[in-house]
Amino acid sequence: MTALWIKGLVSRRRTRLAGTALGVAVCVALLASVGTFLSATTGQMTKRAAARVAVDWQLALRPGTSAASALIEVRRTRGLQQVLPVGYADTTGLGAATGGGSQQTGPGKVLGIPAGYARAFPGQVRTLAGRGSGVLIAQQTAANLHAAPGDTITIGRRGRAAAKVRVDGVVDLPAADSLFQRVGAPVGAQPQAPPDNVVLLPAPTFARLLGAGAQTQLHIKLSHALPRTPGAAFTDVSGRGRNLETRLAGGGLVGDNLGTALDQAREDALYASLLFLFLGLPGAVIAGLVTASLAALGGEQRRRDAALLRTRGATTRQLVRLAGAEAAASGLTGVALGLGTALVVGQLAFGSATFGGTTLSAVVWGAGSALAGLAAAVAAIVVPGWRDARSLTVAGQRRGAGRDHGRRRTALALLALAGSGLVFWQASRNGYNLVLAPEGVPQVSVNWYALLAPALGWLGTGLLVHELAQAILQRGGAVRRLIRPVAGPLSGVVASSLRRRRGALAAGVTLLALTAAFGASTAVFNSTYKAQAEVDARLTNGADVTVVDSSGTRTAVPRVAGMGAVEPLQHRFAYVGADLQDLYGVRPATITAAGKLQNSWFAGGTAAELMGKLAARADSLLVSEETVKDFQLHPGDLLRLRLNGRTVPFHYAGVAREFPTAPKDSFLVANASYIARATGSKAIGTFLVQTDGTAPKTVAHRLRARLGTTAKVSDVDEQRRVIGSNLTAVELSGLTRVELGFALVLAVAASGLALGVGFRERRRTFVLVAALGARPRQLGAFVWSESLYVTLGGIVLGAAIAAALSLMLVKILTGVFDPPPDVLTVPWGYLFAVVAVAGGAVGAAGSLTLRALRRPQPEELRAR
Amino acid sequence: MTAADSLVRCAGAGRTFGETVALQPTDLEVAAGERLALVGPSGSGKSTLLALMAGLDDPTVGQVSWPAIGDRRALRPTAVAVVFQGPSLLPPLTVAENVALPLLLADVAASEVADRVATALETVGLTGEADRLPEEISGGQLQRAAVARALATDVQLILADEPTGQLDSATAAAVIDALLSTSAALVVATHDPLVADRFERRIMIRDGRVSQAVSA
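As given, the protein sequences belong to chains A and B, one line each in that order.
Residue 40 in my numbering sits at position 40 of the first sequence, and the numbers go up by one each step.
Residue 194 in my numbering sits at position 194 of the second sequence, and the numbers go up by one each step.
Mixed in with the good hints there might be a few duds.
[What the hints assert, rightly or not] Ranges between beta-carbon positions, derived for each pair:
no., chain 1, residue 1, chain 2, residue 2, range
1, B, 17, A, 415, 30 to 40 Å
2, B, 177, A, 792, 31 to 41 Å
3, B, 61, A, 829, 56 to 66 Å
4, B, 32, A, 7, 40 to 50 Å
5, B, 72, A, 474, 53 to 63 Å
6, B, 74, A, 7, 41 to 51 Å
7, B, 61, A, 844, 48 to 58 Å
8, A, 304, B, 177, 47 to 57 Å
9, A, 316, B, 74, 27 to 37 Å
Note that these hints are calculated values from the structure, not bench results.
Source: prediction; values computed, not measured.
Ideal placement from N, C-alpha and C gives every residue a C-beta, glycine not left out.
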């Protein structure tokens, strides 16, 4: 009997089966694709985090600990690949007699580098000029000394005569922060900046010149065959580090650079999971709803079939079994289609044709997605079938479930929205810290409570849209006016028809609204993220091209072809109390435009307003929020900064959160003219160069050729590449690409497919209208009015939800934005595409329905 | 009756569905005001012939024409009304709206629509059910509402397919009374001899073949 039933369904209810199968396929494909995303993400995060580390561990030996005995313990460490001893010594100062003058620097650091170091740790030293081995000096040191390869410099030694060495090369030390870290010291006790004056000597030379009293660090390279997830890799690496420290019994401390990078990746991995919750889960739920909605379109016919079977003696169990067979047929077809699609999507978007990082997670994601798809089919077909089958009378089954829970739904919607607003307000007050990673606490956790805001928001808006769509239909006059352009004289009777089908139509409007909101909010989030990445690139680099003068004496940059305006940005260091901070001297009249300053970079006023405050009073000073808090500042307060050995008075005028080229915290912004007057130096430090349209990298290249090693030239293109390759950026773009693609598919399913299947299921009604003499235009009044209401209602209400959700999403996921956006970036192109795709699908569904009604078959009139 | 007076004329019109012959080539004409019963058991071809006469289907052999009406496009909703076998009301519309629908399709003025609907419902005894939905009335009332819909349009020819198929004898009689109350030509397909007996002209159909024409 079951086989016969399925055969009948395949031949007579093909559209319904295919519609449900397609819905299941989208649901399964979306979930499995997200599984692929998470799998690819976490694996890539671990790999990328490890690859960025120049030296995995820096083992600082305590005085008196023998390097040889420490080496024995280190070599017993699991996964050890390379270990080399590096000498660290202080110099009282470096000197050079070059270019007809002599230069002398302050204290610095000298390192003893063993042979093979550059090969073992290629990310640590980058050669800029001369040779990559021998006596090397850092770029800043070379600028300070005006020294170049071939020059002789002196290394000051405490209590001994200075040593002379000949420079073989000038190098950049990309990982200088970790190279010169104070191993074992907490974050707050680390040096604020790496030393400016650095010399790298070959180990034998180092031993000869500075061996006595020098400290030794063992630089260690570990195998990067780590556990796949950042969390597991972090636990593994940090555990091995602590194990080594234990074995050394206090003889050394491990500076765990690899662990630190993995710790950061752990936070990123949590964000990736949250992105799944925010961007993936709503999509999967909506796909499930679309499936249920498509399956439910055949509900009336199913109830009639069940009623007939019941009159012929079918038991409840038999009816449920038949419903189960239909759910299985459409569900399994959808699962196969969905998993296949997910494999293709995963390969194209993430380069991974598996649903999980490990066999277990692949099985869990694959089977979980399949089960979710089958559950959607069962919930939409079997559950109502079982409920109907339990009704005792055929008439009862034909009537269907018609109880109205409108008021209860409205109350629930309002409660959910109120709850969402409350949680959002509470969490926003605390800066919406979704991922909690307190300094010094090893555990990273998620503020799950804050997630209630969007969850309740989705629920509340969904229910409210449903009730609103029903309420509008209940008001016949408004609907009549809306559909008059397409229904003409039939608008009254068509409006009546719509009013009595308001439950189904409201469900259609809700589904399309939620789908549109999902697609639009994801797109807005994605565009805003991209826009902020661009802002971040500009903020970090400062301008199209930025020239940082290593000598600190330059007052202008030479003109090269392609250069536009040049904005000088004084860069000094100043002490606020005992705190050394970067001080930027600006020209208030021009910096707003030249630096493309954003309002969100400042507090207590717009960028223009705060620059106005600087212009109005020469000694005005903008400080960071941290400084305001630490020093309990109030507007107008006097601040005395120690600047180039002098005490210079300033007045606190406002807060700067971000500034071009400035570090994240602890920086100051003041008038350049005031700083020059107070310090007696007009030296600039940094030049923000805008191009005349020429590619920034071209202008940067020309400037590098002119300036040599005396200045550091960077361009925004390069910065964009660096930011674009960040973990979140890379994975987010992949996820949103998939999400946006699925949103389009869902828009088609929720609009055209749902309407098309619905029309097909009610075909006899349309055939009857045609048989009564309706002309194509009059038939179109029924088809297009319904289409218009669902599409227009769905798109308009969806846009409203999307606006609210986008704001909430961007606010909640503030952690992935750096800096936070001023305004949302709306991707009009994509939004128009969603509307066009939905409109096109509805148009196609309506046209096909009407085309099929041109000559209805007489037997369709007799069919029940 | 001249050929030009015929409302519908079947000239050797037959219909096959694949290998199955539903209706052998048949000659038949219906004049204005004529009352005709197509009588035969289930599956004999009555509904097929009615569908051809209503222009809802095309013959596979022969021709069907409507000399006094015009071409197929002129048939519905103004010249020919069809009462379908089984429930044929639109579920989301009330009884009155269902009856009004063909009038609205024919662009009849709204004020006239209300009058004609009221009259038609009164004729079939459904005035009190005007605002009820199809699912809220009985099978007999559904069938009477379908008849009212045919009567309201003031057509020249009414084609009714088993209009009393699922009704008790009293309700069946009321439905036939209502159909016979109009001046339009009427063709009723039925397997019920009691219904057939109400018609002057009866045509027997068996296995797709018009086997016998009987006049009372």
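Going down the list of hints, with the structure as the test:
For residue 17 (chain B) and residue 415 (chain A), the hinted distance range of 30 to 40 Å is not satisfied, since their beta carbons lie about 59 Å from each other. For the pair residue 177 (chain B) and residue 792 (chain A), the beta carbons lie near 48 Å from each other, so the given range of 31 to 41 Å is not met. At about 58 Å, the CB distance of residue 61 (chain B) to residue 829 (chain A) agrees with the hint of 56 to 66 Å. With their beta carbons about 49 Å apart, residue 32 (chain B) and residue 7 (chain A) fall inside the hinted range of 40 to 50 Å.
Under the hint 53 to 63 Å, the C-beta atoms of residue 72 (chain B) and residue 474 (chain A), about 40 Å apart, miss the expected range. Separated by about 43 Å at the C-beta atoms, residue 74 (chain B) and residue 7 (chain A) satisfy the suggested range of 41 to 51 Å. Checked against the hint of 48 to 58 Å, the pair residue 61 (chain B) and residue 844 (chain A) fails, with Cβ atoms roughly 37 Å apart. For the hinted restraint 47 to 57 Å between residue 304 (chain A) and residue 177 (chain B), the CB-CB distance of approximately 31 Å leaves it violated.
Restraint check, residue 316 (chain A) to residue 74 (chain B): a C-beta distance of roughly 52 Å breaks the suggested window 27 to 37 Å.
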